[in-house]
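What follows is the residue order along each chain.
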Amino acid sequence: MYEQATQGDSGAEVSAVLIAVKSVSYNVQLEKRILEVLKEVSFSVADGQFVSIIGPSGSGKSTLLRIIAGLLRPTSGHVFYRDMEVTHPIKNISMMFQNYALLPWKTALENVEIALYSNESLSPKEKTEKALKALAAVGLSGFENAYPGELSGGMKQRVAIARALALEPEVLLMDEPFSALDPLTADHLRNEVYSYLINPQSPIRSVVMVSHNVEEVVELSDKVIVLSPRPAHVVGEVNILLNRPRDKKSFEFYTYVDQIFALLT
Amino acid sequence: MRVHAAKDMKKSSKRPKGVSRHVLMTSALAYAFPILVDIGYSWWRMLAALLLSVLFSWAVGVAAAVNKTAEKIVLPTLDVLQSVPILGFFPVMIFAIIAILPGKPGIELAVIFLIFTSMAWNMAFAVYEAVKAIPKEFVEMANDIGMSSWGKLRHLYIPASWPKLAYNALVSWDVGLFFLVSSEIITLGNATYSVSHGIGVAIATYAAEGNYLAYSEAIVLLLIALILTRILFLRPWALWSERFKTAEEARVTRSDVIYRSYRWIGEKARAKIFYNLGSVEMAFRPFTKVVRVVNKCLGTRSTLIGKVAVAVVSALTLIALAHAIYLGLVIFHPMYNPSLWIYLGSLEKEVIASLAYSFARVWGVYAVSLAIGVPLAIKAALSEKLYEPVSTVTQIISSIPGPVLLPAMVVAMMSLPYRGELVASIVIFLGSFWYIFFNVLGAARTIPKPILEAADLYGIHGLKRWKDIYIPAVMPSLVTGSITFIGGAWNTLMVAEYFVVSSSTGSVVLTQVGQGIGKLLDIATYSGNLPLLGLSIASMSLLIVGINLTLWRWAYNYTTKRFSYNV
Chain A
1 MYEQATQGDS GAEVSAVLIA VKSVSYNVQL EKRILEVLKE VSFSVADGQF
51 VSIIGPSGSG KSTLLRIIAG LLRPTSGHVF YRDMEVTHPI KNISMMFQNY
101 ALLPWKTALE NVEIALYSNE SLSPKEKTEK ALKALAAVGL SGFENAYPGE
151 LSGGMKQRVA IARALALEPE VLLMDEPFSA LDPLTADHLR NEVYSYLINP
201 QSPIRSVVMV SHNVEEVVEL SDKVIVLSPR PAHVVGEVNI LLNRPRDKKS
251 FEFYTYVDQI FALLT
Chain B
1 MRVHAAKDMK KSSKRPKGVS RHVLMTSALA YAFPILVDIG YSWWRMLAAL
51 LLSVLFSWAV GVAAAVNKTA EKIVLPTLDV LQSVPILGFF PVMIFAIIAI
101 LPGKPGIELA VIFLIFTSMA WNMAFAVYEA VKAIPKEFVE MANDIGMSSW
151 GKLRHLYIPA SWPKLAYNAL VSWDVGLFFL VSSEIITLGN ATYSVSHGIG
201 VAIATYAAEG NYLAYSEAIV LLLIALILTR ILFLRPWALW SERFKTAEEA
251 RVTRSDVIYR SYRWIGEKAR AKIFYNLGSV EMAFRPFTKV VRVVNKCLGT
301 RSTLIGKVAV AVVSALTLIA LAHAIYLGLV IFHPMYNPSL WIYLGSLEKE
351 VIASLAYSFA RVWGVYAVSL AIGVPLAIKA ALSEKLYEPV STVTQIISSI
401 PGPVLLPAMV VAMMSLPYRG ELVASIVIFL GSFWYIFFNV LGAARTIPKP
451 ILEAADLYGI HGLKRWKDIY IPAVMPSLVT GSITFIGGAW NTLMVAEYFV
501 VSSSTGSVVL TQVGQGIGKL LDIATYSGNL PLLGLSIASM SLLIVGINLT
551 LWRWAYNYTT KRFSYNV
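If you're matching them up, the sequences are chains A and B in order. If you read the first sequence in our numbering, its first letter stands for residue 1, the second for the next number, and so on. If you read the second sequence in our numbering, its first letter stands for residue 1, the second for the next number, and so on.
Treat the hints as calculated values from the structure; they're not laboratory data. A hint or two may mislead.
Unchecked claim - If you want a taste of the chain B side facing chain A, the calculated C-beta under 10 Å gives, among others:
{"#": "1", "residue": "E348"}
{"#": "2", "residue": "E388"}
{"#": "3", "residue": "A454"}
{"#": "4", "residue": "D456"}
{"#": "5", "residue": "F563"}
Unchecked claim - In silico DSSO-like pairs for lysine-lysine, Cα to Cα no more than 27 Å straight-line:
{"#": "6", "chain 1": "B", "residue 1": "K449", "chain 2": "B", "residue 2": "K561"}
{"#": "7", "chain 1": "B", "residue 1": "K464", "chain 2": "A", "residue 2": "K106"}
{"#": "8", "chain 1": "A", "residue 1": "K91", "chain 2": "B", "residue 2": "K561"}
{"#": "9", "chain 1": "A", "residue 1": "K127", "chain 2": "B", "residue 2": "K464"}
{"#": "10", "chain 1": "A", "residue 1": "K32", "chain 2": "B", "residue 2": "K385"}
{"#": "11", "chain 1": "B", "residue 1": "K449", "chain 2": "B", "residue 2": "K349"}
{"#": "12", "chain 1": "A", "residue 1": "K130", "chain 2": "B", "residue 2": "K464"}
{"#": "13", "chain 1": "A", "residue 1": "K91", "chain 2": "A", "residue 2": "K32"}
{"#": "14", "chain 1": "B", "residue 1": "K449", "chain 2": "B", "residue 2": "K385"}
{"#": "15", "chain 1": "B", "residue 1": "K385", "chain 2": "A", "residue 2": "K106"}
{"#": "16", "chain 1": "A", "residue 1": "K127", "chain 2": "B", "residue 2": "K467"}
{"#": "17", "chain 1": "A", "residue 1": "K91", "chain 2": "B", "residue 2": "K464"}
By construction, the Cβ of each residue, glycine as well, lies at the ideal position given by its N, Cα and C atoms.
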């Protein structure tokens, strides 16, 4: 799985922008006061890029991701997918939830199929075929009829990936995809997950990941957006120009890690 | 039930037709005092029972939590006590207590004891759980500084038990009130056993006399007393007890209190049915085998309707089996007083038919409650706007004991056909609906947010959303609520199915159904027919246990395996 080539060009070359976040602010109305969660956040995700959002816990990273997904509306500001403003969930943007949000009463296959539910152009048979293909793509053939409770943490994560793949979105949003796994498993799976998402067969062109793990972010991303504590705004953008697979022990790797830590503190 | 209308409340019937407003006002005021006295009597019984329950819970709950031997005895005993339809045993209780302590004090004691039995078991469990959950270091520290047992009880066990005890008292109060009113009304059926004062007495008497002014006034005052008790006593107690919570426990918000308590009680009910009836199950082993074979033959292993059918068939088989044993005894063991057994044999048909009618009533109301309660609770739980007002209003409505509304329903439905059935159904509904409503409300409230977001993301709306997201998500709690619903419903039958008002001049039937086990129990009680009473209670208990062991056990196992998040 390590022969995976970098598809995204992490250089300065200009390519199409898939997601543009433009001065997004988000406030929560509490009983007596207004809590500012996000303040004038702006950044963009180019075609082919793996972008990570990192920040202290409670800084509104997940809120930002839900705004990009169209699940939440920002108090002010806009999110664009290509030239279209995102105001509600759309087919081209899919999301993977922190604890995967697999329905415990449905099998792996049914959990993937449910993503295709609202697609009326597909017959039930085609939906099943697509779901089976997606499960096969993440190496879960043979586990179609297993319930989430019968799967390990890593396998659950792969079902969630398959569900995201089945929709054939261009942009995948991931909310702390490795935090539900133990550190060893997570460490082992990062590159594997990357290869499931970014490869010539994959429909996914760009990924936006939320994380609080600096090394994880340096290992996977082309670009890192660093957020401040609440109210969150962008304190820095770091482009990571390392070849894949990345050597986590290399000097360059740690230069990036230090640079991001410096922005965080 | 019969209401003994010996009290001289005849003013109203003598009142001329064209009463002026002024006269109406004065007579309304005139009733206020006697009604308040009646409420006072009832509240004294409630408070006495609550105090007894608290003392009992500390004694038994702490003992079970700190002593292994006590634990082994207490838990199964509580389970059994919790699973019997208590109200059915009330007449037996009266006979027993009267035998020891004759006259009014005996009756008073019987009523308080009945309320106690409806309040105490879940509170004892609450204390047990709370004391069990005390971190070990606390006890070690207490031992280290040489604290006596009494000191530990005072400074450790009792404080730790406050939060759970207070929350359970909230629900216990509602349940107790239902039993209070019912038992007061039941005692009135026979002049020898009647209590002289009480809100149940007042309401039944006014209704029997056709004094609707006093009747409505009594209900309004009862409602005010209920709300005041909640605001001035039960809720402050629950909120005060928050301070005894350890940091890890989540603090509940005001409106969560009631559903959490209902869920907790439901979970206990479930646990008692499925974990501690092991010995009962052993006795039924051959029987469950038969069920399995029947299942296979029908090929309905997993369909719900099949399961229901099998449960019904098996419960009825159980009863038939019990009767066969009776008959066997009659034939082969003449020393068992053959005339009694022959007499019982002659009652058999009546009991089974009554049981079947009551069964249909309970399950019919259950179906209606599902159809209303599940969508309503889910809608309310998921709407930020609806949740607070709906949960507040339902909490108040749920605490009104259904039987007090029975006379009003009788009048309102005067001209309707099947009035007896309708009234019975509504009383059953009012007594049990809340178990489903609050359990589902709590479950829908705690559906993980990502699950709902995923449904939004994939455009799952309308019917599909209900079928694939909401209903499965509340399934385990729905089963819990259903088990407590059915248990509660059987309890309401004694009041719902038969309501007769008797006085020195004769008796008036307010409402009754054609046949029903509740009616049979009432008649047996009033006529002092102990064999009929025994046979009715035994048959009803068998039916309930049979269904618990088949249908509910399966439903519980299936839903917890398939529908819980933390798998």
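Verification of the supplied hints:
no., hint, verdict
1, E348, "violated, 44 Å"
2, E388, "violated, 13 Å"
3, A454, "holds, 4 Å"
4, D456, "holds, 6 Å"
5, F563, "holds, 5 Å"
6, K449/B - K561/B, "holds, 21 Å"
7, K464/B - K106/A, "holds, 14 Å"
8, K91/A - K561/B, "violated, 33 Å"
9, K127/A - K464/B, "holds, 16 Å"
10, K32/A - K385/B, "holds, 18 Å"
11, K449/B - K349/B, "violated, 54 Å"
12, K130/A - K464/B, "holds, 20 Å"
13, K91/A - K32/A, "violated, 38 Å"
14, K449/B - K385/B, "holds, 17 Å"
15, K385/B - K106/A, "violated, 31 Å"
16, K127/A - K467/B, "holds, 19 Å"
17, K91/A - K464/B, "holds, 19 Å"
Going down the numbered hints, you'll see the structure goes against 1, 2, 8, 11, 13 and 15, while the others check out.
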